[in-house]
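Asks: Chains as they are written, first to last, in my numbering: chain A, 1106 to 1636; chain B, 1106 to 1636.
Be aware that one or more of the hints could be misleading.
The list treats identical chains as one, so a pair stands whether inside a single copy or across any two.
Cross-link-like lysine-lysine pairs, in silico, BS3-like; alpha carbons within 25 Å at most [claimed, not checked]:
#: 1; residue 1: K1147; residue 2: K1625
#: 2; residue 1: K1625; residue 2: K1140
#: 3; residue 1: K1369; residue 2: K1147
#: 4; residue 1: K1625; residue 2: K1467
#: 5; residue 1: K1625; residue 2: K1473
#: 6; residue 1: K1147; residue 2: K1619
#: 7; residue 1: K1467; residue 2: K1147
#: 8; residue 1: K1140; residue 2: K1437
#: 9; residue 1: K1483; residue 2: K1369
#: 10; residue 1: K1369; residue 2: K1625
These are calculated hints, taken from the structure and not from any lab test.
Protein chains: 2
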Amino acid sequence: MASGPSRPNHLSEDHLEELSSTVRDWQFTHGSLLKAAPYSGKSYAYPIGVSLFPSNFPRRLFESALDLQRIFNQLYSAVANDGVWLYHMLRNQIMNDPASMAAILWNIHTNAISSGITQPVSLGIYRSDYMLHAPTPTDDMSLKQVEFNTYSVAGGSHSNLISQMHSHLAGTGAYQQDPSPLRPSLPANNTIEGIADALSLTHEHYCPVAPDGPSAVLFVVQPNNVNIADERPIEYALNDRQIRCFRVEFGGEIMARTSLDARKALLFHPIYAPEDPVEISVVYHRAGYNVEEYDAAGRACRLHLEVSRAIKCPSILGHLATLKMVQQQLTKRENLSRFMGDEEVETILAVCMPMYPLDDSKEGKKSKEIVRDGTQVKNHVLKPCLEGGGHNIFGGQIPGHLRQLRKEGNTGEDLVLMELIQPPDVRNVLMSPIQGGYSGSVVSELGVFGASMWRSTATRRSQKTDDQEYYEEEDGLREEEGDHSKEEDKERDENILLNRQIGFSFKTKRRSVKEMSVVKGYGCFDSPFLI
Amino acid sequence: MASGPSRPNHLSEDHLEELSSTVRDWQFTHGSLLKAAPYSGKSYAYPIGVSLFPSNFPRRLFESALDLQRIFNQLYSAVANDGVWLYHMLRNQIMNDPASMAAILWNIHTNAISSGITQPVSLGIYRSDYMLHAPTPTDDMSLKQVEFNTYSVAGGSHSNLISQMHSHLAGTGAYQQDPSPLRPSLPANNTIEGIADALSLTHEHYCPVAPDGPSAVLFVVQPNNVNIADERPIEYALNDRQIRCFRVEFGGEIMARTSLDARKALLFHPIYAPEDPVEISVVYHRAGYNVEEYDAAGRACRLHLEVSRAIKCPSILGHLATLKMVQQQLTKRENLSRFMGDEEVETILAVCMPMYPLDDSKEGKKSKEIVRDGTQVKNHVLKPCLEGGGHNIFGGQIPGHLRQLRKEGNTGEDLVLMELIQPPDVRNVLMSPIQGGYSGSVVSELGVFGASMWRSTATRRSQKTDDQEYYEEEDGLREEEGDHSKEEDKERDENILLNRQIGFSFKTKRRSVKEMSVVKGYGCFDSPFLI
């Protein structure tokens, strides 16, 4: 991994200072920023964490990660189409912990079914995260999945910008006099366009109640979001396609500014002409991923959107598929076989790290064995069912954390234990607004973006089912396992309306730091230098 | 002036809040920002002042301002080509006040002549500023020139962005449901490309000493500049044309990082390969406009650049043409006739407000009369020979200011007195980082950008001249006055290598505020809504 421009050892102080200043100015002029808390009534922003150089990454594995995306799109769309299976996987949480994300979302889902789900089509915008895995220096490197995200996935716009920035720096001679040897190693990143294309195709697919009236995409966002620079560029890219967008806060603001007509069309009421509403084609969720957002207004808002005729990105079932317990179940051959052919199952298993639940199942017993073994546990991470960085428990801290949970009466059934990925040694220079400058060993995470639009084939079954019925269907579910027929494949293919890899993100952190979240200041946006 | 979207009277608080938030996010994501002073080691930026709506402006006068630009380009290039005349106009200052900008620049110019000026070609990037003039509500509005700037002109990038922003807001329905009636009234603004085109053509015109070696444009900038967002986009637009740029601070950094070879080629030494220098084609001055910058290092830097083979944007003579005394002299028919045909002279005079020097000349006597007359003086502004807003003295404060200067032994010969332009009533909503929100009566200033590249015909004469000789040539100058021959026209036309209108800026301030500087927080960037 010695080629490429990431050679901080040869960097003079002066060169570093010049590069930093060039990078900061580029970030200020291209919106590679985070908003700061307003200060004496004024708005400020500061550069988001970035690497000064692209980080080395094997071309072969980069390309295979991109290629994998359509298979993962297919898998998670099939999962989101299978409420029965999802319920089965999440039943413990749904039944035992009504404050859990799984229970809250499931409850909204069943309420939506009672009201009648009017829109069979869903859009998923996914991000599958990978690290390089090389347990010993002599091992061949392989690609391992860190997690799969189906809801409100972020980082696409920032990564798009930083790929552009590194290409700009290389092209203008900021790294070395002659940029030509660097160019072929810096892959183009058009994730903003990729996401906008997926939303735009979905917008076109929507069949409006008022075909001649105005229509628009609704961005559902968090209040006081510091990360508008990851969302706004997608809105602007849709505007460039002559698609209007409205940006409304999750919860009360959605309820105040939108209404449902008799045919469940979701209507947005512009502030200057509330009597002249705009029909919403697509609800693009960029909020509602924290359990804290689901107060009474949050639940009402999510249900209101879910029962509307607008196409949701994604539907609640699509959201449920993002929970860690689901991902853990999808590292098991028997579950994968429910959704995919043998070849795809093997392809997926090859990038999965071993994952275990903390319940009383056979795998649950294995996880308890690992936790008891002081050596084995060091090689694992405990992941809660929460979004964003900062919540994971690593290695030696796991046993104590679990003891504490048990004291508090928590069974830990919403946790999964995953074997740690062992990334190879790569060096870079990072500039983080929180951690300052750093030059040394780093770890990168490649996120591959995918889009999938599908027509639900489960709607009929779901619509006549309540909790009790789902429960009863469990026996049927067991019979179905592994029962993967050609007819089902055909039916599924016909109902997949879009399946694309639409871009990538690339994030890098100091090797000594455990978490990757850039918004929280742990990681930095980066781009791959393909070797 | 009632049509157009700028109708703050009809704006609800909610609409205003939504628009402000949309505007701020757009500014953060498009670099419409000013850098703040670093705070605890971190860099921050905040949105530059902008208007929420475009401001009404008569289409006829907008178009005639654009059309005028080529005539002004020609005039100021001819002035910069005429060191003898410039010396004559600035002689009092040059002789009497060695600390004045005129004296400092003239001194560097004569030193450059002694060393030998090797580059006969100059580039001017100009901005001619206008306001609407309507002394009484029944008067027909006319266009009046506020000032003409030939050195380090700013605002092109910001204005380009804000025109884009207002078009974006109109197009996405932020003002009203149907944007189609607004579109034809929002003229396209491509000033960034216009400036980059001018620099790029000049770069191509430059004949390098090492024709196969690398070459680049040098941006000479101020240290700790908060306004990088006005400069960097020009650099990026040149990069898009495969032209490299280097950004170096005026003064010591220029001396440390550039050298002259035996043929006076200006060489830039990149930080990672100082032994492998890049030949500079064009020196683009965005610093050196304040007299305080001319300490020993500043003077050495300016001379070093001036004697180099690189094409300067602009040369020192081009810089001297920006001084207020020159502009005042160019409101006189007899001076204009030295440089232009009768028709152009009349065209220029029609946009000039009366201006007077404060010396012992005939016009100087007129200015003293005005200052003594309590009524007349209210209608005037006193302009010092300084760049940027904040230095002008208005109306009733003029007599006291002049008394104070006389007490301090200052003759006031570097001041000019100008009749105030009387702009019509226009309304808008402004959002300024310093003054906060404002809705009410505003005044706008249209700046038209021009580029002119010329080959000096005076170089021969200049090169054998020193101060004394210029002085002696005065009699010759008097004979030349008004002596405008067809041969001279032809010679001049052949030596004009480029003459273009390249864009515009548009700034708006509260009517009650005297100064327009946006960087200092007085004014806001805006765009015209043509009516």
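Asks: Please list, smallest to largest, the hint numbers that this structure does not respect.
Replies: Checked against the structure, the hints that fail are numbers 3, 4, 5, 7, 8, 9 and 10, while the rest are satisfied.
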